[in-house]
Structure formats: structure tokens, C-alpha cells
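K.L.:
One-letter residues, chain by chain:
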Amino acid sequence: MFVVYLLWVTFVAGGLFVGIAAILFMQDNGFSIAVALNALCYLGIALYGLPKLYKFVFKRG
Amino acid sequence: MPDITIWGINVIETSFRWLHAMMVAGWLLFDFLVYWLHFDVKNPKVPLEARLERAKIMHGIDRIVAYIFILTLPVGIILCYYTDNLLFSSAWLTWKHFLYAVIVIDGLCLIPISGTAVRNLKAIKNGAENVDELNHQIKHHMNIAMPAVFVVWALVIAISILTLLNLKQPEDQEYFFRDASMVTVAEQNRS
Numbered sequence: 001m002f003v004v005y006l007l008w009v010t011f012v013a014g015g016l017f018v019g020i021a022a023i024l025f026m027q028d029n030g031f032s033i034a035v036a037l038n039a040l041c042y043l044g045i046a047l048y049g050l051p052k053l054y055k056f057v058f059k060r061g
Numbered sequence: 001m002p003d004i005t006i007w008g009i010n011v012i013e014t015s016f017r018w019l020h021a022m023m024v025a026g027w028l029l030f031d032f033l034v035y036w037l038h039f040d041v042k043n044p045k046v047p048l049e050a051r052l053e054r055a056k057i058m059h060g061i062d063r064i065v066a067y068i069f070i071l072t073l074p075v076g077i078i079l080c081y082y083t084d085n086l087l088f089s090s091a092w093l094t095w096k097h098f099l100y101a102v103i104v105i106d107g108l109c110l111i112p113i114s115g116t117a118v119r120n121l122k123a124i125k126n127g128a129e130n131v132d133e134l135n136h137q138i139k140h141h142m143n144i145a146m147p148a149v150f151v152v153w154a155l156v157i158a159i160s161i162l163t164l165l166n167l168k169q170p171e172d173q174e175y176f177f178r179d180a181s182m183v184t185v186a187e188q189n190r191s
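Here the protein sequences come in this chain order: A and B.
38 is the number that this note's numbering gives to position 38 of the first sequence; each next residue is one higher, with no gaps.
73 is the number that this note's numbering gives to position 73 of the second sequence; each next residue is one higher, with no gaps.
Because the hints were derived from the structure by calculation, they are not lab data.
Hints are not guaranteed to be accurate.
As the list claims (entries may be wrong) - Some chain B residues judged to face chain A by a derived CB distance under 8 Å, without partners named: (1) ARG63; (2) TYR67; (3) PRO74; (4) PHE88; (5) TRP95; (6) PHE98.
What the hints assert, rightly or not - Label pairs and their in silico Cβ distance ranges: (7) B/VAL75 to A/TYR54: 24 to 34 Å; (8) A/TYR54 to B/GLY8: 47 to 57 Å; (9) B/ASN126 to A/ALA34: 47 to 57 Å; (10) A/MET1 to B/GLY8: 43 to 53 Å; (11) B/GLN137 to A/ALA34: 38 to 48 Å; (12) A/GLN27 to B/VAL75: 24 to 34 Å; (13) A/ALA34 to B/GLY8: 16 to 26 Å; (14) A/ALA34 to B/VAL131: 47 to 57 Å; (15) A/ILE20 to B/ARG119: 35 to 45 Å; (16) B/ALA25 to A/LYS59: 36 to 46 Å; (17) B/ASN43 to A/GLN27: 49 to 59 Å; (18) B/PRO74 to A/LEU40: 13 to 23 Å; (19) B/GLY8 to A/GLN27: 37 to 47 Å.
Every residue gets a Cβ at the ideal spot worked out from N, C-alpha and C, and that includes glycine.
Assemble the whole structure, with the sequences as input and the hints as a guide.
P.N.:
Now the structure itself:
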């Protein structure tokens, strides 16, 4: 079970971190397709993982 | 950031670089072991005890792969900041992060079907009546996972090549596997 917690915690936290960093980078340096794809993918991963993490933490059993 | 230098080598930075590289090498190696074991696990002609034993080994190795897969992201981020490279400071690093995101999305597709083999083989051992159906489910799940596994391998190899071609010596910032003068000429041509 620990590996499942680690997976969702890492991907939600990591996804938000990299996704927000990508948006901030574009705010400072202008639009770039590669950075935009990063923002899209990492924020998507974080948003997908958020309800899963919530379920594991609060609705187990 | 703290610096511990022994014989001119920054121990923390070098350790993180090696950890990052070894994690990727271990990822590919262990994933290949899982791939090699899966042939016997999905084959109904192999004795049940042998299949169950291999499935348990496969599941254990898969757990190591999962840890490596998960921890590659934080180790990579720490390495970026430790080496004074912002996450999107260069084109190759940006594309590398994007390829890793594709691997994560690909890996998330595999989560729902992981553990089928051990679960079904234990049910067969405990006398389940629908043996054919359980065997078919094992084979089906393993076969639909294969394209996703091959995509992961291809992307990990692509990321490794991308990284090796852009690897620099920390001291004088020279490329390891590229001719610096050629890079300069290419940059001048572009500008």
C-alpha cells in the first residue's frame, strides 16, 4: 500500500510543481510549445491523481 | 547548496548524477526481467506452482520498478536545482521532461491491470471453477500491457540518448560526447 501512497503523493506534488513552474516560465519568457506541452501533461497528471489521492487518504475501507 | 569536495570531485552532485543514471539503468534492467518472466506466467501449459512462483517474483521486481519510476521525478528535480539548471532552461531538458510526462501517463494506464496474474493464479490454486476464464484474463491483460511497456522502453532509451548527447563535465562545462567546436558552428549558423 505504501507504494500506492508514494505514487499518488509524488505525481500530484511533482505534477503541480513542474506544471506551475512551466506556466511561470512562459509568463517570464513567452510562449513555447515544448514548455506548454509540459504544463499540459504535468498539470493533467496532477489533476488526474488528486481524486485518487483523496480517495486513498480519506475513503479507505 | 552544500558542497563536499573530495579530490576535486563534488561528492553530492556526482552522487546524484550517478543515482539518477543508475535508476534509469535499473529501471530498464528490472523491466526486462519482468518481461522475460511474463511468458511463463501467462502460459497455461506451465505447471501452476511454477507459474505462481514466477508471478510472485515478477510482482516483487515490478514493485522495485515502481519505486524507481516514482522516484526518478523528485531525483531529477533535485538534480536540476543542485546543478543550477532551471527545469526549462534548455531545449533538450524541456523535451526530456515532456518525454518523462508521457512515460508517467503511459505508466498510469498500466496500473489498473497490474496484479492480475498473482490474484488469478491464487484463485486457480484455491480451486476456482472458471480456470479458463481466469487464464484468459491473465493472457489478455499481459498482451494489452505490452505496447505500453514497449513505449516506456523506447522513451527511456530516447531520454538516455538525449541526456548523453548533452552531458557536460561540471568543471569546464565541455560536452562529453559532442565536439564543442561543432556545436558552436551550428549555433553561429542558426543565428
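K.L.:
Each of the hints needs a verdict: does it hold here or not?
P.N.:
Hints, one by one, checked against the model:
1. Interface restraint check for B/ARG63: the shortest CB-CB distance to chain A comes to about 6 Å, inside 8 Å, so the restraint holds.
2. Of the supplied interface hints, the one on B/TYR67 holds, with its beta-carbon coming within about 7 Å of a beta-carbon of chain A, less than 8 Å.
3. Because the closest C-beta pair between B/PRO74 and chain A is about 6 Å apart, less than 8 Å, the hint holds.
4. Of the supplied interface hints, the one on B/PHE88 holds, with its beta-carbon coming within about 5 Å of a beta-carbon of chain A, less than 8 Å.
5. The criterion of a C-beta within 8 Å of any C-beta in chain A is met by B/TRP95, whose closest approach is roughly 6 Å, and the hint holds.
6. With its C-beta approaching chain A no nearer than about 5 Å, B/PHE98 sits inside the 8 Å limit, and its interface hint holds.
7. Under the hint 24 to 34 Å, the C-beta atoms of B/VAL75 and A/TYR54, about 26 Å apart, fit the expected range.
8. A beta carbon spacing of about 49 Å between A/TYR54 and B/GLY8 agrees with the range 47 to 57 Å that was offered as a hint.
9. For the pair B/ASN126 and A/ALA34, the supplied restraint of 47 to 57 Å holds, since their beta-carbon distance comes to about 51 Å.
10. Distance hint for A/MET1 and B/GLY8: a CB-CB separation of about 45 Å, consistent with the stated range 43 to 53 Å.
11. Here the CB-CB span from B/GLN137 to A/ALA34 is close to 40 Å, well matched to the stated 38 to 48 Å.
12. Range check, A/GLN27 to B/VAL75: about 27 Å between beta-carbon atoms, so the 24 to 34 Å window is met.
13. Between A/ALA34 and B/GLY8 the beta carbon distance is about 35 Å. The supplied range of 16 to 26 Å is therefore violated.
14. Between A/ALA34 and B/VAL131, the C-beta spacing of about 50 Å keeps the proposed range 47 to 57 Å intact.
15. Judged by the Cβ atoms, the range 35 to 45 Å given for A/ILE20 and B/ARG119 holds: they are separated by roughly 38 Å.
16. A C-beta distance of roughly 38 Å is found between B/ALA25 and A/LYS59, which places it inside the suggested range of 36 to 46 Å.
17. About 55 Å separates the C-beta atoms of B/ASN43 and A/GLN27, a value consistent with the hinted range of 49 to 59 Å.
18. In this structure the hint that B/PRO74 and A/LEU40 lie 13 to 23 Å apart at CB holds, the actual value being about 21 Å.
19. For the pair B/GLY8 and A/GLN27, the beta carbons lie near 39 Å from each other, so the given range of 37 to 47 Å is met.
Figure legend: structure checked against the earlier numbered hints; the only hint not met is number 13.
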